[in-house]
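Q: Chain by chain, the residues run as shown.
Protein chains: 2
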Amino acid sequence: MLTKFQNHLNSQFSFLKDKKLFIAVSGGIDSIVLVDLLYKLNYEIAVLHCNFSLRDAESDGDEAFVKSFCKERNIEVIVQKFDTKQFASDYKLSIQVAARKLRYDWFYEQLEKRSFDFILTAHHLNDSLETFLINFSRSTGLDGLTGIPAQNDKIIRPLLPFSREEIEVYAKENEIQWREDSSNSSDKYLRNKLRHDVIPILKEVQPNLLSSFENTVKHLQQAQSLVNDASRIIYKEVVTEDDNSIKINLSKLIQLTNYQAYLFQWLKEFGFVAWDDIYDLVSAQSGKKVLSPEFILVKDRDFFILTSKIDSQINQKFLIEKEDSKVNIPLKFTFCNVSDISITDSNSIFVDENKLQFPLTLRKWQEGDYFYPFGMTGKKKLSKYFKDEKFSLIDKLTTWILCSDNQIVWIINKRMDDRFKVNNNTTTILKITIT
Amino acid sequence: MLTKFQNHLNSQFSFLKDKKLFIAVSGGIDSIVLVDLLYKLNYEIAVLHCNFSLRDAESDGDEAFVKSFCKERNIEVIVQKFDTKQFASDYKLSIQVAARKLRYDWFYEQLEKRSFDFILTAHHLNDSLETFLINFSRSTGLDGLTGIPAQNDKIIRPLLPFSREEIEVYAKENEIQWREDSSNSSDKYLRNKLRHDVIPILKEVQPNLLSSFENTVKHLQQAQSLVNDASRIIYKEVVTEDDNSIKINLSKLIQLTNYQAYLFQWLKEFGFVAWDDIYDLVSAQSGKKVLSPEFILVKDRDFFILTSKIDSQINQKFLIEKEDSKVNIPLKFTFCNVSDISITDSNSIFVDENKLQFPLTLRKWQEGDYFYPFGMTGKKKLSKYFKDEKFSLIDKLTTWILCSDNQIVWIINKRMDDRFKVNNNTTTILKITIT
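These protein sequence lines are chains A and B, in that order. The opening position of the first sequence corresponds to residue 1 in the UniProt record's numbering, with each subsequent residue numbered one higher. The opening position of the second sequence corresponds to residue 1 in the UniProt record's numbering, with each subsequent residue numbered one higher.
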């Protein structure tokens, strides 16, 4: 397996060779084997371990095991302990969602803090097969059947071509110890059912199930890329965009025999689900509409016009009072005073509270908006910023803006304004977080 | 269920209303329920039943049951008894392939003979789900996951949106009798495994499995239509065809990041399977090639050139002697003398044996070929015929031609020549069949 793994890295991830790599390690067989493989191939690695404090002594046992495993090999290990239950209750999240959020936020924080390049996780072919079957048993589109991606931004999954069996054989042959899997995944019950009851029967019928699946996923990924091409090509021919709406030319559209497929591709990202209503709208009378949680699709003579609901209620603003420590609508915010600024991500900002005028307002962008991008001295029109950052129409329509006395404080999740930043004169630091 | 079925017919198959419909009936619950539904809705129906003589008394019991079921309702029933084992052994086919061939050939023969319009079969949602899982457990592309088609030429499957459970409930409520399923499908073992061991577990996890699956299939069919669009659009930009080859412009092709996906789409119908070799060929030196059973893909400087192997061995001809009653290479033929011509399909022709000069030859088409299309008086260039019939390149390259003294007798499976037809002066009729 070591050789196959090395070949796989050389052919698919040759760019990792001189990079600094974190490995996300639970202590289970998959992640421990991943560390062992990369260690033997002399990659520059360090280990990240999350202790979610969910199973008391067992969690601490995992932590101790990971530490000692790494110490024997002189691999640096960074451990973070989380009070997951508290966090989940504070933010009204399920334990699983909370753990995932804590884990990935911390991973990205460590990447930045330590100037590492990538985080490697130990997902393998069986995980991908289980994910396929879970998505399949629900209702899904092609994108739900294309497997776990091998790379997702800074997250890389080099074990995806390997089956659980290969990993187990390797661990035994190399006398590697591990901790029994301690996943807290919400779909553990489901995965166990598939793992123990469904997949063995499929394997009985088709002994090459896993390698067949690997091929199938490759073909489906290729098909997905062609779907995206067709969608993009026809979009250019049939759709026009302006600042706040998109216009679908119906007489061009319905020349396509499969125009419903295109409507589905284009509109699904706007949260529509009532597909039959949308298909009926094509031949409905002018003025009829179909709604998604945030958008309106109107039939207007020979066109479909898609606009944001907010845009159509132009004065809709949400006020945030000084006393509010949490806001739930239209986004979930928390506000808390902190003594110092710390490493952050796109979900939070630190501002000088005394520079704010309450109530703050939360709204969508308007023509004429400008702001002072954080870290720059000048001001910039928001329309120019959107263009430079290659915002799509949906990005523009879904982006919220936090304002103080109609000055932009934060283009939420994107960029804060320089005027409100913390400096040496700041006496009260307010941390604003989107949860 | 009757109402839901009626609505389904009205929305998807409204064109069936005034048509003459055969129903393929085994006597099992699915086909019997289909007859009952269509009978109650007053469609103009007749029943086709195949007795494959594979299970002796049981087969005869099925036949008797179907006859009596139809008699009670005054529905015409046409029964055909086959010696399936003999046929399978004669043509060296598996029992299952033989039964399928006998069934569909006979169905189409009856359609023509009786001037009926369509044949309805009773495939339902569970069949489609099982087919999905069978294809999935093997290696498949998107086309293997888009379910059983609702219509395929003259074959229509109006029960596809209905689950086995719905059909069972309907049969019980309406006190309908049926024969236990007598399928001889080669994948019966596999289907039973899925039906009894796999699908119930998936349903336990996801009670809406079947309706989810129905949605999934719709989405995948839509995706497939977009894949076909992209494939066609890019083909026009990158590929040129001439009479006997296609040329893929590699410098245009590799500008696409997903060019492998296009190569897969374009080349799979030519029988290629060594995909990695083909992908490597893109950067290989001029002159290298990859083979499929019938085709050659050559790298020629900045192009891929695809030609038929036969074309590249221009003199390759297969001779058929007068004594040959069977030919196996390159196609499977049988020759037999018959006393009269009967209803036929595209797989066989009747010729005046005395007009033939043996040995006959079997070859691909050549520039300059012409023939006298059956039923017409004049002659026609083959290149013109191909154009009029909208033959694709692959059609032209895969079509075989049977010649007598270099006169075309039959463009196999397409059109016979008028010069060799049976007429009043014919003394010896030869039936030539492709099996």
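Keep in mind that the hints were calculated from the coordinates and are not lab data. Hints may be right or wrong, so weigh each one.
No copy is singled out in the list; a pair is fine if it fits within one copy or between any two copies.
[Claimed, not checked] Listed next, the in silico BS3-like pairs over lysine-lysine satisfying Cα-Cα at most 25 Å (straight line):
id, residue 1, residue 2
1, Lys252, Lys218
2, Lys81, Lys381
3, Lys188, Lys317
4, Lys289, Lys218
5, Lys380, Lys268
6, Lys252, Lys236
7, Lys322, Lys20
8, Lys113, Lys326
9, Lys17, Lys379
10, Lys387, Lys193
11, Lys355, Lys322
12, Lys81, Lys431
13, Lys326, Lys71
14, Lys188, Lys203
15, Lys252, Lys92
16, Lys431, Lys379
17, Lys101, Lys322
18, Lys236, Lys396
19, Lys4, Lys236
20, Lys19, Lys381
21, Lys431, Lys384
22, Lys288, Lys40
Q: To test your reading of the hints: which numbers does this structure violate?
A: Failing hints, ascending: 2, 3, 5, 7, 8, 9, 10, 13, 15, 17, 19, 20, 21 and 22.
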